[in-house]
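Peer 1: Top line first, the protein sequences correspond to chains A and B. The first sequence: position 323 = 323 (our numbering), numbered continuously. The second sequence: position 193 = 193 (our numbering), numbered continuously.
Heads up, some of the hints might be wrong.
[Claimed, not checked] With a cut-off of at most 30 Å between alpha-carbon atoms, the simulated DSS-like pairs for lysine-lysine come out as follows:
{"no.": "1", "chain 1": "B", "residue 1": "88", "chain 2": "B", "residue 2": "193"}
{"no.": "2", "chain 1": "A", "residue 1": "8", "chain 2": "B", "residue 2": "514"}
{"no.": "3", "chain 1": "A", "residue 1": "194", "chain 2": "B", "residue 2": "514"}
{"no.": "4", "chain 1": "B", "residue 1": "615", "chain 2": "A", "residue 2": "407"}
{"no.": "5", "chain 1": "B", "residue 1": "514", "chain 2": "A", "residue 2": "191"}
{"no.": "6", "chain 1": "A", "residue 1": "191", "chain 2": "B", "residue 2": "499"}
{"no.": "7", "chain 1": "B", "residue 1": "88", "chain 2": "A", "residue 2": "8"}
{"no.": "8", "chain 1": "B", "residue 1": "31", "chain 2": "B", "residue 2": "360"}
{"no.": "9", "chain 1": "B", "residue 1": "360", "chain 2": "A", "residue 2": "123"}
I should point out that these hints are in silico values taken from the structure, not numbers from a laboratory. Given the structure is predicted, the values throughout are model-derived calculations rather than measurements.
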Amino acid sequence: MQRGLTDKSTIAALATPSGRGGIGIVRISGPDAKSIAKIVTQKNLTPRQATYCNFFDDDHSVIDQGISLLFPAPHSFTGENVLELQGHGGPVVMDMLLSRVISLGARIAEPGEFSARAFLNDKIDLSQAEAISDLINSASQQAAKGAIRSLQGEFSNSIEDLDSRVVAMRLYIEAAIDFPEEEIDFLSDQKIQKSLSEIDSSFLSVLKSATQGALLREGINLVLAGRPNAGKSSLMNCLAGKNASIVTAIAGTTRDIVDEYIHLDGIPIRLVDTAGIHAAKDEVEKEGIRRAFDELQHTDAAIILIDLSLDKAWEKVVDQLLIEIPYNSTVKPLIVLNKMDLVDSLPTEQLYRAMPVICVSAKKGEGIESLKGLLKEILAIDFSEEGSFIARSRHIDAINRAYEHLKEGRNQLDQFQAGELLAEELRYCHESLCEITGQFTSDDLLGRIFSTFCIGK
Amino acid sequence: MNYPKQFDVIVVGGGHAGTEAALAAARMGCKTLLVTQNIETLGQMSCNPAIGGIGKSHLVKEIDALGGVMGLAADQAGIHFRVLNSRKGPAVRATRAQADRQLYKQVIRVYLENQQNLQIFQQSVDDLIVEQNTVCGVITNSGIRFRSRTVVLTVGTFLGGIIHLGLEKQSGGRAADPASNRLSDRLRELPFKVDRLKTGTPPRIDGRTVNFSVLEPQPGDQPRPVMSYINTTADHPQQVNCFITQTNARTHEIISKGLDRSPLFTGEIDGVGPRYCPSIEDKVVRFADRDSHQIFVEPEGLNTHELYPNGISTSLPFDVQLELVRSIKGFESAEITRPGYAIEYDFFDPRELKFSLETKHLEGLYFAGQINGTTGYEEAAAQGLIAGINAALQCSERPPWCPARNEAYIGVLIDDLITDGTKEPYRMFTSRAEYRLILRQDNADRRLTEMGRSMGLIDEHRWHRFGEKTSLLKERNVILKSHWCQPGDINVETYLGQKLSREYNLAELLRRPKVQIEALLKAIALDWPDTEVNEQLEIDLKYAGYIARQEDEIARIRTQHDVELPADMNYAEIKGLSNEVKQKLQEVQPQSIGQATRISGVTPAAISLLLIYLKKSKLLVKQHVINQ
Chain A
1 MQRGLTDKST IAALATPSGR GGIGIVRISG PDAKSIAKIV TQKNLTPRQA TYCNFFDDDH
61 SVIDQGISLL FPAPHSFTGE NVLELQGHGG PVVMDMLLSR VISLGARIAE PGEFSARAFL
121 NDKIDLSQAE AISDLINSAS QQAAKGAIRS LQGEFSNSIE DLDSRVVAMR LYIEAAIDFP
181 EEEIDFLSDQ KIQKSLSEID SSFLSVLKSA TQGALLREGI NLVLAGRPNA GKSSLMNCLA
241 GKNASIVTAI AGTTRDIVDE YIHLDGIPIR LVDTAGIHAA KDEVEKEGIR RAFDELQHTD
301 AAIILIDLSL DKAWEKVVDQ LLIEIPYNST VKPLIVLNKM DLVDSLPTEQ LYRAMPVICV
361 SAKKGEGIES LKGLLKEILA IDFSEEGSFI ARSRHIDAIN RAYEHLKEGR NQLDQFQAGE
421 LLAEELRYCH ESLCEITGQF TSDDLLGRIF STFCIGK
Chain B
1 MNYPKQFDVI VVGGGHAGTE AALAAARMGC KTLLVTQNIE TLGQMSCNPA IGGIGKSHLV
61 KEIDALGGVM GLAADQAGIH FRVLNSRKGP AVRATRAQAD RQLYKQVIRV YLENQQNLQI
121 FQQSVDDLIV EQNTVCGVIT NSGIRFRSRT VVLTVGTFLG GIIHLGLEKQ SGGRAADPAS
181 NRLSDRLREL PFKVDRLKTG TPPRIDGRTV NFSVLEPQPG DQPRPVMSYI NTTADHPQQV
241 NCFITQTNAR THEIISKGLD RSPLFTGEID GVGPRYCPSI EDKVVRFADR DSHQIFVEPE
301 GLNTHELYPN GISTSLPFDV QLELVRSIKG FESAEITRPG YAIEYDFFDP RELKFSLETK
361 HLEGLYFAGQ INGTTGYEEA AAQGLIAGIN AALQCSERPP WCPARNEAYI GVLIDDLITD
421 GTKEPYRMFT SRAEYRLILR QDNADRRLTE MGRSMGLIDE HRWHRFGEKT SLLKERNVIL
481 KSHWCQPGDI NVETYLGQKL SREYNLAELL RRPKVQIEAL LKAIALDWPD TEVNEQLEID
541 LKYAGYIARQ EDEIARIRTQ HDVELPADMN YAEIKGLSNE VKQKLQEVQP QSIGQATRIS
601 GVTPAAISLL LIYLKKSKLL VKQHVINQ
């Protein structure tokens, strides 16, 4: 079932970029916002009044504490009932809060949906139509990007595996219903039970890898390319500021040698250091590089770092690095010339091959503010609603819903021997998975049936 | 000459679509003319002699619930009835009737000839009268001009029909009937997108030359089902058996050797055939690992020996057909009465139709049946009915009507066609319906008959029967909820095989697995005649949770259907839509936001952009509710 704007369901989203700053806001809009407010805060909120309260989970434990604000329709941003839950930020806490709200009947908003609802409910001037269209457009492009990033590696493989199992199951069940007289070798009851239990285990393992991955995937990918002595770690420390420095450094796997996290003004940034690319000698490292290259395809920004004191002919080094590093070509790298304090004359170019050039001294902290400004400009798009974190939340939400339907389908088969209700639940299950894997129509299903079975009375 | 009388509705074609269209329009009080090439072939079943089946009997029951004749005729001509999926749950159960071809035709003709407001005329139609983008009548091959306010075209496979038998081909609309080439050429001049489809039929066999003693008989079901809500088994004629046999390795060898003369494999046929109804040569090639395929041997009627071997549709040359038939068990000395053939024909891209089945290009012109790319009598009849209804509504200046996807398989059929178009002959399957649990063959009357009545389609007799059933359902529903069974009630506990822990009403007990209404009624000694009504009560209870969930979903998206899209939208100028989405929207020109959401590739973000554009251009107005 595709969802459009005229559907009057209650929507929810993080109103602040994930992990940024001291507070995080979950915003909810729609008819159920009031009832959700009551359940989550266990208080009767006075409209338009900030109330300090606990946010409760369904087992009555406290997820977070913060401010609740309820704006009843029509006097709200969207013109609908709007609830804002302002918590302490932190990606894990915000995710739990969002999941809680979703379990109470809201769904994750489509990109730009809050603004679009506001516009359609006359809360935004008609003259802003263009701006709203642009916002929806960029938000959805960004969501698509986030979704792709969320769907990398292991997670993607296990989703595909799960999806193909569900499709295979549906093929048999639907063919048995629509073509009862064909000589199809339909699944026996035991085989159905066995397949269902295999699908169940697939769900569990996907959910496990998805939740683990969510933390690692969070944030923005920034590739740092340059020779080993170019001063990457001092630049990293500079960017991160004195109190943040390196947040995570998981050792033990090849891939993680090139992974490090910093916070830039509260935005989590995953640094992909390509230093290892040059150092690779053995097989294990080569595998690490292969994966690093894979990551580079999903980069948000890239810095090419050059030691100006060593490489006076920095243009040549840039050219060479560009050949060696297959970064995503839609992202223009930023050329950072380090150790500006050690040379007499600085290059005057502001652009090289359409890439911005900036001189810094990581050691003395010179030029760092301009670099941050440039980075923020390049990454600006990721500061709004949709990052990979929300994309992953969306995926986990879809998998959870799919799993609930699978469990109910098994129940219908066990308790009631109701094959048509198993079919129904499997359809819902598959529909939820399709929010991740892409549209699959009834005609696609029939096509698969006809190519798998000889139908032809 | 100009015919002296002006009509409201002219229906061109007397097949299953034309029949329902003409009858519906006439029932609704329109002066209706049915023009057919040949009165003798009105209601002809040109392919297999069966009505109904999975997904299809659902359509028949809906046609019946709206006062159509297909179900009535299937009962009066049905010589073998079966319930399909009888063990699989009521939502997917279906009924199929083998029909006596002659009887079926006769019954349909009686209905047509006795319908008030309906005139029949035999002549082929060569052209349409078109004035200012509005259709105003038809011109026959002898130049007679009939004027009307609306025209419904139901010309089946007759448009540009080419029949293939081996490498020989000839023009034709059906074996022994000419194609409508003049009309086809004329329509090709109009701005409709035309494409080709293909279908086929098996050779027919003389039953006197078949050795039935080696075939597996397949009797009809007991208790015998009926098609129409207002019929009983007393309306059925004498019943006969069907038989089953199989192809074998030898058959497949014969087919393989004949492939170099198969128009399907030599590239003679361009039209796309149905994947679910492949020819036997296609099956042998595509599923080479199978050494046998099932054949259902169906009687063509009570007064003929002709048999229809369902499963060996073919366009191989006649000598190969004869050899392959005789390689089959029981057919060793069989004689063919008519060769099998494949037929290619024109169809129009149904995305150029409104949900009323009126064409978007020409006002007052309606298309129904195979020319819209469907296959099957039931699919044709369903469209004919809707086209006839809407032509009549247009004549009385009432808004158009078509059931929504959640109201009828007819709605699924038409929405699929006008939104997705089709690349192969479209056939109904239950898996196409997302509201399968609501759209059952047992409740089509409850879904549609009231609406049919309000449009003037339902006669007193049917309306009375419907009223009786509805009030009985209501009455018994109250009892199910108010009749309490106490712990210690020995009859109930014996039936359930366990003690009652507290008092339960009957409705609660019926929601339990394996509790069946008839047995429960017996246990508490309630005598409720009319098992059909009881079954309905039980189904409603068993599916209650699912139906409630689907109804929530339906309510949530209903508003989308209220937002109409103007007919002449220029999607190219909507900012932010991808080119792919623009192109798809431009192609389909959806009538509502609801329809737009169903177009593949149209994302929620695209819908947002569309709504914002509408609002900005002040086009976002909620008009009358589409799909009522």
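Peer 1: All the hints need checking, so say for each whether the structure fits it.
Peer 2: Results for each hint:
no.	hint	verdict
1	B:88 - B:193	41 Å, violated
2	A:8 - B:514	38 Å, violated
3	A:194 - B:514	23 Å, holds
4	B:615 - A:407	43 Å, violated
5	B:514 - A:191	23 Å, holds
6	A:191 - B:499	34 Å, violated
7	B:88 - A:8	35 Å, violated
8	B:31 - B:360	24 Å, holds
9	B:360 - A:123	36 Å, violated
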